[in-house]
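Undergrad: All chains should be modelled from the sequences, with the hints used to inform the complete structure.
Given next are the chains, with one letter for each unit.
Number of protein chains: 2
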Amino acid sequence: MEKPDLTEKKIRGSLVYDGNLLKLHRDEVLLPGGKKTAREWIDHPGAAAVIPVLPGNRVVLVRQFRYPVGRETLEIPAGKLDPGESPEECAKRETAEETGFHINSLQSIGAFLTTAGFTDEIIHLFYTADLQPCRPGREGPANADEDEHLSVVIHPLTEVLQMIDEGLIMDAKTIIAFLRAQRKGLL
Amino acid sequence: MEKPDLTEKKIRGSLVYDGNLLKLHRDEVLLPGGKKTAREWIDHPGAAAVIPVLPGNRVVLVRQFRYPVGRETLEIPAGKLDPGESPEECAKRETAEETGFHINSLQSIGAFLTTAGFTDEIIHLFYTADLQPCRPGREGPANADEDEHLSVVIHPLTEVLQMIDEGLIMDAKTIIAFLRAQRKGLL
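Protein chains in written order, with our numbering: chain A, 1 to 187; chain B, 1 to 187.
FYI, nobody ran anything at the bench for these hints, they're computed from the structure.
There could be a bad hint or two in this list.
Claimed, not checked - Listed next, with one range per pair, are the computed distances between beta-carbon atoms:
| hint | chain 1 | residue 1 | chain 2 | residue 2 | range |
| --- | --- | --- | --- | --- | --- |
| 1 | A | G56 | B | G137 | 52 to 60 angstroms |
| 2 | B | G137 | A | P32 | 21 to 29 angstroms |
| 3 | A | Q107 | B | P4 | 29 to 37 angstroms |
| 4 | B | P4 | A | P133 | 14 to 22 angstroms |
| 5 | A | R183 | B | G137 | 32 to 40 angstroms |
| 6 | B | A38 | A | R183 | 37 to 45 angstroms |
| 7 | A | T7 | B | G13 | 36 to 44 angstroms |
| 8 | A | N104 | B | K3 | 24 to 32 angstroms |
| 9 | A | D147 | B | P55 | 47 to 55 angstroms |
| 10 | B | D5 | A | N20 | 21 to 29 angstroms |
| 11 | B | S105 | A | R12 | 43 to 51 angstroms |
For each residue, glycine too, the CB sits at the ideal point set by N, CA and C.
TA: Encoded structure:
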């Protein structure tokens with residue numbers, strides 16, 4: 001099979017928008033054939049997400065209003081990596097903050113690129129059935145980001161898989177995490 | 001189950017970066033509790049992608065350098081919707097442009113949100129086994145976008161599923177399309 005070199009080389013770059021959340025770059029690049037073009041892309045620190053499974057095959061999910069799509073989505077707990085933070089640490093921290101559950105141990109179920117055409121965002125996925133309430137009897141968002149409003153919901157695993165098959169769960173990381181975990185025999 | 005209203009309302013918005021590829025908005029929004037915050041998001045026209053299966057369970061994929069992640073990825077044919085174009089039309093057009101295969105008919109396997117925290121991008125997924133070369137004997141990128149350099153590769157389906165399980169295929173739309181098609185009994 002032929003393997004042409006498709007590499008694009010950066011000539012120069014600039015940060016054209018430096019927002020609170022989004023860092024947008026515009027780089028001038030050299031294409032394989034020698035032509036030049038511009039590439040616009042969003043610089044992302046990476047993220048981690050985890051499927052938290054309680055006894056009885058019940059899954060802890062978060063319902064959240066996602067402003068860009070103008071509606072609520074049902075997702076597994078997740079968030080961006082803090083500087084210097086490992087994906088495992090991030091998954092544990094976000095789960096505690098968003099759901100009030102403390103994860104003792106977790107296992108990796110891979111990583112994926114959300115939309116490589118315009119961002120370097122990578123999401124590291126985990127699975128755990130080894131968790132307990134941070135403050136028993138008081139599950140729920142403990143310390144979510146100040147402008148993050150969440151609702152914790154617990155669904156039977158079978159219902160979650162059905163919502164994925166029926167297109168009711170549309171979030172990429174949630175779909176990929178469940179289908180991967182299932183193929184690995186974890187669910 | 002309690003259902004708190006998590007809706008965020010737009011107060012005013014502005015297009016803070018109007019690029020060739022990326023349109024970045026910064027909106028002032030009202031949070032459920034009455035506080036205000038800013039939401040930065042990328043306006044995306046939506047996209048379509050398709051699993052094209054040839055006789056003998058061989059799959060047509062594209063290898064492409066993805067500048068934001070600095071490396072090549074293996075993906076199903078896909079692209080952004082043109083104004084007024086339906087997802088089906090887009091999937092057919094992109095497959096012809098990127099791979100040189102003409103799709104006669106296709107079937108929907110759902111849609112998903114790539115990363116709803118910062119973009120409204122939705123990708124519509126399709127499956128087809130009803131296709132033929134546009135110009136027999138001359139398969140390959142026919143009319144890809146001017147600055148899009150692609151390499152068409154054909155893999156046995158079993159190999160593709162293995163690359164997904166092993167994390168060698170990391171592209172969200174490609175992973176979701178294959179795992180969904182498999183759950184629907186198409187693969």
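Undergrad: Does each hint fit the structure? Answer for all of them.
TA: Against the structure, the hints:
The hinted window of 52 to 60 angstroms between G56 (chain A) and G137 (chain B) holds, with their beta carbons roughly 58 angstroms apart. About 25 angstroms separates the C-beta atoms of G137 (chain B) and P32 (chain A), a value consistent with the hinted range of 21 to 29 angstroms. Between Q107 (chain A) and P4 (chain B) the Cβ separation comes to about 32 angstroms, which falls inside the hinted range of 29 to 37 angstroms. A C-beta distance of roughly 20 angstroms is found between P4 (chain B) and P133 (chain A), which places it inside the suggested range of 14 to 22 angstroms.
With their beta carbons about 37 angstroms apart, R183 (chain A) and G137 (chain B) fall inside the hinted range of 32 to 40 angstroms. Here the CB-CB span from A38 (chain B) to R183 (chain A) is close to 40 angstroms, well matched to the stated 37 to 45 angstroms. Between T7 (chain A) and G13 (chain B), the C-beta spacing of about 38 angstroms keeps the proposed range 36 to 44 angstroms intact. Separated by about 31 angstroms at the C-beta atoms, N104 (chain A) and K3 (chain B) satisfy the suggested range of 24 to 32 angstroms.
Distance hint check: the CB atoms of D147 (chain A) and P55 (chain B) are about 53 angstroms apart, consistent with the given range 47 to 55 angstroms. Evaluation of the 21 to 29 angstroms hint for D5 (chain B) and N20 (chain A) yields a pass: the beta carbon distance comes to about 25 angstroms. Taking 43 to 51 angstroms as the suggested C-beta distance range, the pair S105 (chain B) and R12 (chain A) conforms, at roughly 46 angstroms.
Checked against the numbered hints given earlier, the structure satisfies every one of them.
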